[in-house]
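Read top to bottom, the protein sequences are chains R and E. Take the first sequence: its position 346, counted from the start at 1, is 346 in this note's numbering, and no numbers get skipped. Take the second sequence: its position 344, counted from the start at 1, is 344 in this note's numbering, and no numbers get skipped.
It is worth saying that the hints were derived from the structure and are not from the lab. Any given hint could be a false lead.
Just a sample of chain R residues kept apart from chain E, beta carbon distances all over 12 angstroms, derived [stated by the list, open to error]:
hint : residue
1    : Asp78
2    : Leu125
3    : Glu268
4    : Asn322
5    : Glu356
Dumping the calculated DSS-like pairs for lysine-lysine here, alpha-carbon to alpha-carbon at most 30 angstroms [as the list claims (entries may be wrong)]:
hint : chain 1 : residue 1 : chain 2 : residue 2
6    : R       : Lys171    : E       : Lys282
7    : R       : Lys114    : E       : Lys294
8    : E       : Lys282    : R       : Lys173
9    : R       : Lys446    : E       : Lys282
10   : E       : Lys182    : E       : Lys80
11   : R       : Lys60     : E       : Lys80
12   : E       : Lys127    : E       : Lys182
13   : E       : Lys367    : E       : Lys246
Some but not every residue of chain R turned toward chain E, in silico, with C-beta under 7 angstroms [what the hints assert, rightly or not]:
hint : residue
14   : Gly255
15   : Asp359
16   : Phe395
17   : Glu429
Even for Gly, the Cβ is constructed at its ideal location relative to N, Cα and C.
So the chains spell out like this:
Number of protein chains: 2
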Amino acid sequence: MKSTILKPLCLSLAMVSSSAVLAVDSEPTAPRNVILIVGDGMDDHQITIARNYLAGSRGKINLDEMALRSSVQVLTVDDKDPSRPLYVADSANSATSMATGEITSRGRIGTSAKYDQDLVSIVDLAKQAGLKAGIVTTANITDATPSSFVAKISQRECENPEMMVDALIYKRKPVDCSQDVKAKGGPGSISEQLAASNVDVLLGGGMQHFSKQAEGSSKTVLEQAKESGFYIADNASDMKSAPADKKLLGLFAEGNLPERMAYEGEREAEQPDPSMLNYLHKYLGSVEMPDTVKCESNAAFGDTPELREMTSVALNRLSEKNDKGFFLMVESASIDKASHQRRACGQIGELQQLTEALDVALEFAEKHENTLVLVTADHGQAAQLMPDTSLFKAFDLPAYSPGYVARVETPEGVIMAVNYATNGLFAEEHTGVNVPLFANKEGVGKVPTMLTQPEIFNVMVSYLNLK
Amino acid sequence: MKSTILKPLCLSLAMVSSSAVLAVDSEPTAPRNVILIVGDGMDDHQITIARNYLAGSRGKINLDEMALRSSVQVLTVDDKDPSRPLYVADSANSATSMATGEITSRGRIGTSAKYDQDLVSIVDLAKQAGLKAGIVTTANITDATPSSFVAKISQRECENPEMMVDALIYKRKPVDCSQDVKAKGGPGSISEQLAASNVDVLLGGGMQHFSKQAEGSSKTVLEQAKESGFYIADNASDMKSAPADKKLLGLFAEGNLPERMAYEGEREAEQPDPSMLNYLHKYLGSVEMPDTVKCESNAAFGDTPELREMTSVALNRLSEKNDKGFFLMVESASIDKASHQRRACGQIGELQQLTEALDVALEFAEKHENTLVLVTADHGQAAQLMPDTSLFKAFDLPAYSPGYVARVETPEGVIMAVNYATNGLFAEEHTGVNVPLFANKEGVGKVPTMLTQPEIFNVMVSYLNLK
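Please construct the entire structure, taking both the sequences and the accompanying hints into account.
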């Protein structure tokens with residue numbers, strides 16, 4: 001009994017660790033690679049919502065079968081006083097934590113809170129050490145998460161040369177990156193920084209940020225990217241046939257890539273509709289709940305490259321003729337964007353895209369030893385899985401969310417109520433909940449059961465021997 | 001390098017497993033014990049909220065340092081059609097899952113959905129096999145979570161003989177357990193079932209349910225408990241000095257035990273107060289947020305036994321002169337009750353009580369090999385950790401939760417906003433999110449990275465060799 005229990009455990013650990021040990025002991029072995037998959041806003045509510053739809057309440061998705069599960073403390077500080085913590089992050093500061101190992105303030109891309117110092121990212125370290133590096137996202141490639149791994153700028157909104165000085169977002173939110181303009185010796189806007197970068201693969205959306213005229217130049221940012229050695233692809237076919245000796249910049253939409261799934265019939269999450277009497281007192285009257293919704297394929301998705309296709313292309317390019325290893329960040333961005341805008345079906349479809357990209361990554365890791373696959377989220381999101389039938393139904397009172405509700409019909413024939421109730425504006429808030437982290441078996445023994453978000457950087461650079 | 005990496009891992013696994021192996025190979029070894037600690041409603045939001053307050057945003061609580069972290073799929077079915085899943089549980093069906101390994105419907109205590117069959121619990125199995133068993137809670141001992149481990153009844157509200165037939169909760173919710181009355185050969189109400197049980201230790205609140213006259217008897221339920229061999233304690237001193245040769249029933253309040261912490265000055269979570277103009281359009285006008293609140297000791301707590309004290313007494317009694325082992329369930333119940341009623345400070349204090357009980361359990365496990373300590377939640381809760389300063393502040397629009405908000409001043413000098421926005425009634429809803437599960441090192445290799453809630457029962461009975 002003793003041997004049958006103990007041997008397999010030790011053997012499987014030995015199998016996990018042996019290649020790591022060999023890499024130190026003797027050259028040559030397979031190079032070390034890290035694939036970091038980020039589900040933007042993908043906390044446990046979003047995972048449960050997606051699982052219920054995609055696999056059923058008793059089903060499993062591939063995240064559930066990962067060898068290791070951990071939890072991540074998301075850390076944010078106040079920009080005016082970096083000694084003061086804030087309890088809820090945005091994607092800029094949380095991606096910067098993962099990319100650089102530092103804690104910073106909301107809105108910052110690869111720069112320190114208050115002092116605006118440039119921070120060294122894992123992509124910087126990887127390229128310096130001769131490794132390859134790639135960034136894949138379903139958002140604008142200049143968006144907060146992808147850009148934090150490459151760019152250094154004080155505000156996430158400075159995505160192109162026209163957004164650097166005296167700019168306004170939606171005619172309301174002022175943006176100022178004037179200290180970062182090239183005329184003052186700065187690195188320029190995010191798209192300009194990406195165009196000038198030595199990142200081997202950049203795939204996502206955001207053509208709009210590259211078609212602008214570059215600062216101090218008659219050329220567009222896209223033309224500058226070509227001059228710096230990028231092959232430009234704007235469709236899946238071009239992406240796949242891009243010449244191997246060039247860097248690859250794939251831009252497959254003007255802005256964010258469309259979401260795969262949508263509510264049928266252009267529906268939205270809606271507010272429950274209480275009767276007049278209910279306005280007099282919350283225990284009076286009745287309430288009409290929104291009609292249920294079905295999810296369907298989003299027609300606008302069309303021939304947009306799927307996240308798994310982009311991931312596959314990136315892995316092929318990064319691993320080919322490469323004896324030094326690579327770092328790849330893959331983001332399913334619109335789990336967050338759909339949740340902000342109360343699109344439960346959008347969230348589910350984009351989480352599905354993440355699981356497909358994870359399948360590609362795990363298959364790669366099976367064939368290429370020394371590949372650490374990590375999956376995590378940058379921060380929590382507002383969407384909550386709520387009872388469709390109130391726990392208090394038997395009291396016969398009008399029980400309803402004060403926010404927006406999507407009552408989604410799931411394939412297993414049940415109504416799943418998703419609650420959005422953090423504010424009534426154009427977008428819901430993030431939340432400050434700890435987020436999950438998963439690893440393939442290569443992560444076992446290297447990732448504790450809980451870590452801070454900047455410590456993800458430490459795990460990755462340590463694995464790649466970059467420090 | 002190889003040996004230094006591999007040896008400690010194999011050694012530590014060997015240390016974990018060796019006693020298990022010996023228990024099979026050769027007698028006598030230390031008996032096997034399971035301590036299951038349940039944080040009612042304790043999902044990752046509640047843990048993060050409590051950690052931020054108790055240890056700071058960068059701090060750790062003992063849950064974070066556990067050897068194993070897993071996640072639990074909470075499963076619920078419709079009572080009329082048990083083939084139909086529901087996505088959100090209550091404490092009755094989720095505790096029944098952990099106690100019996102079966103999936104049931106909301107409100108049921110140890111009985112099957114639709115068919116009302118009695119289900120065999122881990123306490124039943126433990127007692128049959130000669131092990132000891134104990135239940136500790138901060139709720140009424142007749143409440144859903146504790147009673148699911150012992151009692152079998154169709155509705156959780158049937159806590160005492162007067163609640164069995166034609167009863168009403170809050171004069172609105174009808175209750176009917178008429179098929180379970182003793183006159184019809186049933187087991188009687190929950191308090192009567194507990195009074196007649198052979199559970200060695202029962203500690204919590206709920207004297208109100210034992211002071212009622214027992215069905216078909218001139219005696220109270222409490223008198224019946226005495227006759228069945230229970231020593232009755234109603235204060236900490238009595239609890240600690242109870243004779244060792246008796247079963248122990250400790251009832252330290254009429255109802256639920258008071259919560260340790262409360263808002264200072266009898267404050268409540270409040271609704272943001274928008275200006276008149278904001279009623280015309282959500283982008284107009286302004287909003288006044290509720291004042292911040294401080295947490296303080298709850299004066300009503302008085303000399304109520306703390307959860308750690310009850311846990312310690314239970315562990316002493318269950319382990320003394322016991323060569324067969326035991327099962328102990330410890331519940332911090334009012335993480336849920338406080339969250340239902342929007343008492344962020346109450347939630348935090350009761351989660352702190354859970355961590356203290358966990359310290360007691362871990363200390364016991366250090367001294368008593370073969371003790372598996374599991375910590376989990378039964379379901380998610382409404383409370384969300386939200387930004388106190390909206391992500392959209394720079395747009396200068398009135399951003400505010402449509403629900404209730406507690407803006408808690410934390411010891412590290414920051415305002416933590418807790419959002420309650422699932423309904424406007426007297427109590428918030430549960431949520432359907434997966435909940436965390438933690439284990440001490442005894443659980444490593446025995447608990448997968450994800451499991452269903454009924455599988456927790458399987459892990460425990462397998463560990464105790466009860467099946």
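Run the C-beta distances from R:Asp78 to all of chain E and say if the shortest one exceeds 12 angstroms. violated (9 angstroms)
Given hint E:Lys182 paired with E:Lys127 - CA-CA distance at most 30 angstroms: The hint holds at about 23 angstroms.
With d taken as the least Cβ-Cβ distance between R:Glu268 and chain E, does d exceed 12 angstroms? holds (15 angstroms)
Double-check R:Asp359 for me: the hint is only fine if its C-beta lies closer than 7 angstroms to a C-beta in chain E. Given a least distance of 17 angstroms, the restraint on R:Asp359 is violated.
Taking C-beta pairs only, is R:Leu125 more than 12 angstroms away from all of chain E? Fine: 22 angstroms to the nearest Cβ keeps R:Leu125 off the interface.
Straight-line Cα separation of R:Lys446 and E:Lys282 no greater than 30 angstroms? Cα-Cα ~49 angstroms, so violated.
Is E:Lys282 close enough to R:Lys173, meaning Cα to Cα at most 30 angstroms? Roughly 17 angstroms between the alpha carbons, so the hint for E:Lys282 and R:Lys173 holds.
Against chain E, is R:Glu429 within 7 angstroms by beta-carbon distance? holds (5 angstroms)
Hinted pair, alpha-carbon criterion (30 angstroms max): R:Lys114, E:Lys294. Please report holds or violated. holds (29 angstroms)
Quickly compare the C-alpha distance for E:Lys182 and E:Lys80 to 30 angstroms and report which way the hint goes. holds (25 angstroms)
Find the nearest Cβ of chain E to the Cβ of R:Asn322 and say whether that gap is larger than 12 angstroms. The assertion about R:Asn322 holds, with a minimum of 24 angstroms to chain E.
R:Lys60 and E:Lys80 were given as a pair; does the straight-line alpha-carbon distance stay at or below 30 angstroms? Given pair R:Lys60, E:Lys80 holds - Cα atoms ~26 angstroms apart, limit 30 angstroms.
Hints 1, 9, 14 and 15, counting from the list given before, are not met by this structure.
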